[in-house]
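Using my numbering, read the sequence shown as starting at 57 and increasing by one per residue.
Simulated from the structure, these hints should not be mistaken for lab results. Note that the Cβ used here is the ideal one computed from N, Cα and C, for glycine as well. There's no promise every hint is true.
As the list claims (entries may be wrong) - Beta-carbon label-pair distances, calculated as ranges:
(1) Gln131 with Thr195: 16 to 22 Å
(2) Phe98 with Glu191: 17 to 23 Å
(3) Phe98 with Asp159: 40 to 46 Å
(4) Asp115 with Lys158: 18 to 24 Å
(5) Asp159 with Val85: 31 to 37 Å
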Amino acid sequence: MIDIEQVIAPLLKQIEAKQTELSQLKKAVNQVCIAMKAAPKFTDEESTPAFFTHTIRPDEFFGQTFAASVRKILQMKGFAMTAKEIEAKLTEGGFEFPTDWKDNQLRSLAITLAKNSNLIVTLKKGNVTYFGLREFYPTKLKAVEKKKNISSQSEPDTETQENENQDLPENQMPDSDAGEVSE
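Construct the complete structure from the given sequences, taking the supplied hints into account.
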């Protein structure tokens, strides 16, 4: 006998993907409106997909990396989740947690999420911490990129310094340790 869940699972996955895509487009429209000092076109309810209709298979995250599994869960959800919610979905999907996490699994998971700042954004609301994908927060992503660009521009350009040093006579080359001109 055919299991209906197996039959409709791929269709539900397609629906979720389309809902996520539509939600991202609506959020983008809202962000443009806000940037142009106009009222957003969509309400939060309209731009946030109302689902977690995807049934997680018992082996969905088996053998996958932590980052890939968390990314997939957050993409399915469409917005930030608590560490406890993420832990429940990982467990449901058969993720194999590291053995050294056994005693403090939830705490270790939260610490790992917080340290994974290239993928995850940590949000605090009162005393509850949420974790969302960086791609959910494009303005935050732009601010981080801008900050990185500024810091990389402020670092001394060693090639430029070497070219400037070529113009100095041999006896006036800067001392690399002290940063002073030797005599």
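Here's how the hints hold up against the structure:
1. Look at Gln131 against Thr195: about 19 Å separates their beta carbons, and that is inside 16 to 22 Å.
2. At roughly 18 Å, the beta-carbon separation of Phe98 and Glu191 lies within the given 17 to 23 Å, and the hint holds.
3. Take Phe98 and Asp159: their Cβ atoms lie about 45 Å apart, and the range 40 to 46 Å holds.
4. For the hinted restraint 18 to 24 Å between Asp115 and Lys158, the CB-CB distance of approximately 21 Å keeps it satisfied.
5. In this structure the supplied range 31 to 37 Å is violated for Asp159 paired with Val85, their Cβ-Cβ distance being about 47 Å.
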